[in-house]
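Chains A and D, in that order, give the protein sequences. Residue 1 is where the first sequence starts when you use the working numbering, and the numbers rise one by one after that. Residue 1 is where the second sequence starts when you use the working numbering, and the numbers rise one by one after that.
Since the hints were made in silico from the structure, they are not lab data. There could be a bad hint or two in this list.
In silico DSS-like cross-links for lysine-lysine, where the CA-CA straight-line distance does not exceed 30 Å [unchecked claim]: (1) D:Lys100 / A:Lys7; (2) D:Lys100 / D:Lys68; (3) D:Lys68 / D:Lys52; (4) D:Lys77 / D:Lys100; (5) D:Lys68 / D:Lys56; (6) A:Lys65 / D:Lys100.
Just some of the chain D residues that point at chain A, by a computed CB distance under 7 Å [claimed, not checked]: (7) Leu19; (8) Thr20; (9) Gly43; (10) Phe62; (11) Glu76; (12) Lys77; (13) Gly78; (14) Leu109.
Glycine included, C-beta positions come from ideal geometry on N, C-alpha and C.
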Amino acid sequence: SAVISQKPSRDICQRGTSLTIQCQVDSQVTMMFWYRQQPGQSLTLIATANQGSEATYESGFVIDKFPISRPNLTFSTLTVSNMSPEDSSIYLCSVRPTGTGNTIYFGEGSWLTVV
Amino acid sequence: GDSVTQMEGPVTLSEEAFLTINCTYTATGYPSLFWYVQYPGEGLQLLLKATKADDKGSNKGFEATYRKETTSFHLEKGSVQVSDSAVYFCALSDSYNTDKLIFGTGTRLQVFP
Chain A
1 SAVISQKPSR DICQRGTSLT IQCQVDSQVT MMFWYRQQPG QSLTLIATAN QGSEATYESG
61 FVIDKFPISR PNLTFSTLTV SNMSPEDSSI YLCSVRPTGT GNTIYFGEGS WLTVV
Chain D
1 GDSVTQMEGP VTLSEEAFLT INCTYTATGY PSLFWYVQYP GEGLQLLLKA TKADDKGSNK
61 GFEATYRKET TSFHLEKGSV QVSDSAVYFC ALSDSYNTDK LIFGTGTRLQ VFP
């Protein structure tokens with residue numbers, strides 16, 4: 001498994017501002033992922049954060065809105081830009097550690113409320 | 001495309017009752033199947049998984065069997081506790097893209113003493 005730490009755990013943000021969420025893993029992992037969980041809904045993959053290259057975004061998500069950094073094999077950030085109330089969600093970092101087959105583990109999430 | 005369908009909640013049970021949460025899937029190839037649990041105010045935790053047909057995943061008294069013939073992965077527990085109250089998500093990753101999880105909508109379980 002892997003221990004995944006996210007910061008901030010919760011935040012209340014003003015409309016129009018941007019917030020960067022950090023994800024730290026206790027071991028080196030090739031693949032890191034960012035998911036969004038809107039209130040009362042399921043999880044949706046935003047993008048895959050690749051070390052050494054640009055992130056790969058899923059349909060409906062764009063780099064200008066959700067820029068991602070992956071400076072090394074244990075760390076990634078997701079920025080939610082120009083926030084609106086519709087961005088109020090839980091943002092979860094996840095990883096697929098080496099040796100776990102195809103099991104993906106999640107952080108505790110960053111709960112953002114945009115007012 | 002691939003998809004996961006879960007029974008709608010909330011599921012409300014008394015302590016020590018039997019639990020079943022239905023999950024069916026649509027996928028090409030041979031997906032891996034997962035159950036994740038989200039306790040109130042917390043993130044997602046892997047509960048159990050199965051990677052091939054007829055595999056049974058189990059953890060903390062929960063079980064689910066990968067049924068290829070019925071494309072199902074129903075979650076069961078013989079005797080639920082109040083502490084099992086949470087939202088349960090069924091998910092799959094297909095054999096062509098193991099990096100992407102596709103989730104069901106989640107089922108809220110409420111257990112009362």
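Taking the hints in turn, this is what the structure says about them:
1. D:Lys100 / A:Lys7: The given pair, whose Cα atoms are some 23 Å apart, holds under the 30 Å limit.
2. D:Lys100 / D:Lys68: 20 Å, holds
3. D:Lys68 / D:Lys52: Status holds; Cα separation ~8 Å.
4. D:Lys77 / D:Lys100: 27 Å, holds
5. D:Lys68 / D:Lys56: Holds, because 12 Å separates the two Cα atoms, which is no more than 30 Å.
6. A:Lys65 / D:Lys100: Holds - the C-alpha atoms of D:Lys100 and A:Lys65 are around 21 Å apart, at most 30 Å.
7. Leu19: Violated - the Cβ of D:Leu19 stays beyond 7 Å from chain A, reaching only about 20 Å at its closest.
8. Thr20: Not OK, violated: D:Thr20 not within 7 Å of chain A, min 20 Å.
9. Gly43: 4 Å, holds
10. Phe62: With a closest approach of 16 Å, the D:Phe62 hint is violated.
11. Glu76: 21 Å, violated
12. Lys77: 21 Å, violated
13. Gly78: 25 Å, violated
14. Leu109: 15 Å, violated
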